[in-house]
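Number of protein chains: 4
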Amino acid sequence: MRLGESILLRAEHKGKLREFITIVSEEKFHTDFGIIDLEELLQKEVGDTITSHMGQEFVIQKPRMPDHFKYAKRTGAPMMPKDIGSVIAYTGLNKEDSVLDAGTGSGILAMYLGSIAKRVVSYEVRDEFVDVARKNMERAGLDNVEVRCGNIVDEIATLDEKFDVVTLDTIDSKDVVLNVRKVLRPGGFVVTYSPFIEQTKDIRERMAEVGFVDVVTIECIEREISFSERGTRPATTRVGHTGFITVARM
Amino acid sequence: MRLGESILLRAEHKGKLREFITIVSEEKFHTDFGIIDLEELLQKEVGDTITSHMGQEFVIQKPRMPDHFKYAKRTGAPMMPKDIGSVIAYTGLNKEDSVLDAGTGSGILAMYLGSIAKRVVSYEVRDEFVDVARKNMERAGLDNVEVRCGNIVDEIATLDEKFDVVTLDTIDSKDVVLNVRKVLRPGGFVVTYSPFIEQTKDIRERMAEVGFVDVVTIECIEREISFSERGTRPATTRVGHTGFITVARM
Amino acid sequence: MRLGESILLRAEHKGKLREFITIVSEEKFHTDFGIIDLEELLQKEVGDTITSHMGQEFVIQKPRMPDHFKYAKRTGAPMMPKDIGSVIAYTGLNKEDSVLDAGTGSGILAMYLGSIAKRVVSYEVRDEFVDVARKNMERAGLDNVEVRCGNIVDEIATLDEKFDVVTLDTIDSKDVVLNVRKVLRPGGFVVTYSPFIEQTKDIRERMAEVGFVDVVTIECIEREISFSERGTRPATTRVGHTGFITVARM
Amino acid sequence: MRLGESILLRAEHKGKLREFITIVSEEKFHTDFGIIDLEELLQKEVGDTITSHMGQEFVIQKPRMPDHFKYAKRTGAPMMPKDIGSVIAYTGLNKEDSVLDAGTGSGILAMYLGSIAKRVVSYEVRDEFVDVARKNMERAGLDNVEVRCGNIVDEIATLDEKFDVVTLDTIDSKDVVLNVRKVLRPGGFVVTYSPFIEQTKDIRERMAEVGFVDVVTIECIEREISFSERGTRPATTRVGHTGFITVARM
Chain Y
1 MRLGESILLR
11 AEHKGKLREF
21 ITIVSEEKFH
31 TDFGIIDLEE
41 LLQKEVGDTI
51 TSHMGQEFVI
61 QKPRMPDHFK
71 YAKRTGAPMM
81 PKDIGSVIAY
91 TGLNKEDSVL
101 DAGTGSGILA
111 MYLGSIAKRV
121 VSYEVRDEFV
131 DVARKNMERA
141 GLDNVEVRCG
151 NIVDEIATLD
161 EKFDVVTLDT
171 IDSKDVVLNV
181 RKVLRPGGFV
191 VTYSPFIEQT
201 KDIRERMAEV
211 GFVDVVTIEC
221 IEREISFSER
231 GTRPATTRVG
241 HTGFITVARM
Chain X
1 MRLGESILLR
11 AEHKGKLREF
21 ITIVSEEKFH
31 TDFGIIDLEE
41 LLQKEVGDTI
51 TSHMGQEFVI
61 QKPRMPDHFK
71 YAKRTGAPMM
81 PKDIGSVIAY
91 TGLNKEDSVL
101 DAGTGSGILA
111 MYLGSIAKRV
121 VSYEVRDEFV
131 DVARKNMERA
141 GLDNVEVRCG
151 NIVDEIATLD
161 EKFDVVTLDT
171 IDSKDVVLNV
181 RKVLRPGGFV
191 VTYSPFIEQT
201 KDIRERMAEV
211 GFVDVVTIEC
221 IEREISFSER
231 GTRPATTRVG
241 HTGFITVARM
Chain E
1 MRLGESILLR
11 AEHKGKLREF
21 ITIVSEEKFH
31 TDFGIIDLEE
41 LLQKEVGDTI
51 TSHMGQEFVI
61 QKPRMPDHFK
71 YAKRTGAPMM
81 PKDIGSVIAY
91 TGLNKEDSVL
101 DAGTGSGILA
111 MYLGSIAKRV
121 VSYEVRDEFV
131 DVARKNMERA
141 GLDNVEVRCG
151 NIVDEIATLD
161 EKFDVVTLDT
171 IDSKDVVLNV
181 RKVLRPGGFV
191 VTYSPFIEQT
201 KDIRERMAEV
211 GFVDVVTIEC
221 IEREISFSER
231 GTRPATTRVG
241 HTGFITVARM
Chain W
1 MRLGESILLR
11 AEHKGKLREF
21 ITIVSEEKFH
31 TDFGIIDLEE
41 LLQKEVGDTI
51 TSHMGQEFVI
61 QKPRMPDHFK
71 YAKRTGAPMM
81 PKDIGSVIAY
91 TGLNKEDSVL
101 DAGTGSGILA
111 MYLGSIAKRV
121 VSYEVRDEFV
131 DVARKNMERA
141 GLDNVEVRCG
151 NIVDEIATLD
161 EKFDVVTLDT
171 IDSKDVVLNV
181 RKVLRPGGFV
191 VTYSPFIEQT
201 KDIRERMAEV
211 GFVDVVTIEC
221 IEREISFSER
231 GTRPATTRVG
241 HTGFITVARM
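Residue numbers (this note's numbering), protein chains in the order written: chain Y, 1 to 250; chain X, 1 to 250; chain E, 1 to 250; chain W, 1 to 250.
Heads up, some of the hints might be wrong.
As the list makes no split between identical chains, a pair holds if one copy fits it or if it spans any two.
[Claimed, not checked] Here are the simulated DSBU-like cross-link-like pairs (lysine-lysine), alpha carbons at most 35 Å apart as the crow flies: (1) K14 with K118; (2) K73 with K14; (3) K182 with K28; (4) K162 with K44; (5) K182 with K16.
To be clear, the hints were calculated from the coordinates, so they are not data collected in a lab.
Using the sequences and the accompanying hints, generate a full structural model.
This is the structure in structure tokens:
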């Protein structure tokens, strides 16, 4: 493994699974099960094990986005995988894309975007959220995601870069939509995520004003199917509404 | 633009939009609105226009996956974006991944996977589907997607490559699941897509036998929200059930 | 059978099922399969057969509401059984109830209400709809449903009767809600049905103004499950959104 | 009011609503807010008030089914109003109907059925559930619902009565279906309610064997819409799957 690489250390302790995500470095990593010398990782590969000073063995894995979703530090309710998946599929997000993101929060969406796209610029207005998001990016080894502190409504005027996809998860989405054209490549997509119908309606009105095409709003309702000895059925408990996703194209 | 690049040519003719996807080459491209000399594209950029011998002007765009979804040749009902999005998000598919896919069909899912991952190997058992899928990959400029003719149930034994993600959309998924471990990297995901409950149940039983963890089956129900002068409401017509997605990890 | 009773005549003709709903009377009933002397029904019982002058045999049945839903004359899209069921269950409609209904349309909801409640008064503003609804009530033998021509918004002021349940399926529901208290018995329910979110929001605002309690808005999404040789799954085609049901109590 | 009538007594105490359902009798009724002399009710009407020996005032109301749903004693998870509504609407349950019910449980469905139909016979195999259900019927003043202790699978052979509707919420539904024809009137409906797909599939196979027609299985997914200062959206928490409803006709 190499310095700066994101790794997941998995231990089984008294029948319970414990996982830690960190970065290969020359430092010591403190866990409930003893201290791990991260420098040793330079001589290891994914699938190998490493042992703490207390003798606890850890399997070394490469963390994937579902691991980051689970273990990243959170500053609020992040976008759910079902919705992130729709954002990716409806924009056709791919490895050649530059993405402009706003409303970073803890950066869960930006992490997913960064794991796929070439480059992501993400704006967050609250200092403390910027810090959390930056740490999440670092721990995920995503050096192509740049988290900037600032209000996208104002900052968009100063941008002279073009983007293939713009993702907006902020209460100011409707105002960003008015000025987003100038930073969007031809054929590019803008996507907004809003919990409420009224916000979504405002966004769509602005999109119509500005002349976006192929505007569609969807809600993704996910049902888990439960399989057990007793039988098969949709799960009896579940997550309700998260948000409305509006996709539009220039 | 460069040779081999995928392009979308968009014309407005008598108020109607017409779009064509092709590849930059030294050939002529025949449309209802006249012949286009594709060689001219070498001197053009995205956003420029090109004119047919009949004088029809076309805007040059870079096609994105939603364009390919719309215009790719189809051999049957492809997986829908809502489901493709879930496959991507729940596996955390990213640009460093190698993917093994089976049940290529017309290759819609493989195209999406290929636009994100480093490499995709996709197995399809029917010759004529392989041809269609290969043409779709070519037209999308996806030279990292290798469509192979063969039955994955047998072929999996011959593979000595490892994959991060395995996606299965075939009636034989349950048999593949039994042997998929040997080609899956540690921490990697296998995803199956099946229209029916019985198939899904069989798959889950095999997954349990083989010792997969974090097994979850979901159904993604998408609702479009309609906004009009009369008011806002979920759309009155819509797509019903497509398939159950089962995600498991090694 | 007795005069005025509603009957369903069912014939099988060349493997196809044909059904007619009519009323026991002294008249002749003309069908594609010959003329039936309805007077003969006075000597028959449910389950017996009757023969047309062309020799076609008909089984005599008692029509139930799903038959009326299928065969009643329609002036527009009626409320669906899933929504009618919610109206009934959430108000606890029972055989001792008096119901005030508005926006009769073809009277499908009023028929269901009338088959359960003691008495239904239903207002419809369009003359031609009133005629259709009255014929539907007659044919269903529902002499406890009184269809009145008039605008409920105005007429409610003239009513000195009290009702246990008020059901509103009209664009004026929000205005009715303002004055509905005076005709509602203590503990009684008002229910509105509206296709759009905006209408529903208006209704809820008025309900809050007037001091209704236990206000709840639901949408009932019905999925049909399909069972076939190939397997079990939710149906691939289906009805989308119909309307939002708001229930409130005095 | 008259002896044996079901009443709801509603008190507001320190800003909190407290409700009690009981029966008009010559007895005393003990509440946290003092003793009420129920005999006084004979001189009262709905809408009047009655005062406890501690001076707490109670408004007298007539309880409706949603009140009984809320306050009836429960022996397990009862059928939900959304599903009860579907049972009623899809069978066209009406005030002339005789209903055979099985799997009484605490009798919530039987109470709804009894409030609409002329007569309900309901079988429950567990003694202690029969007691609870009978008390619920009594408290609701439903003397037309007869709760019998016994296994419907066996008892159906002994029945010489005919029913318009048969409702089955028991793990033995599939066995009842085989013999239900002999107690069902022509044109009558049988409805089953089962949490699991496998049970539902068994039931449908038996229905096909026995020759039922118009067989349809539905699942009713209810979404509550939430309206607040912040905006309108489907509720973020909600009930998941309850059961599959299968309706068939003879």
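Violating hint indices (sorted, rising): 1
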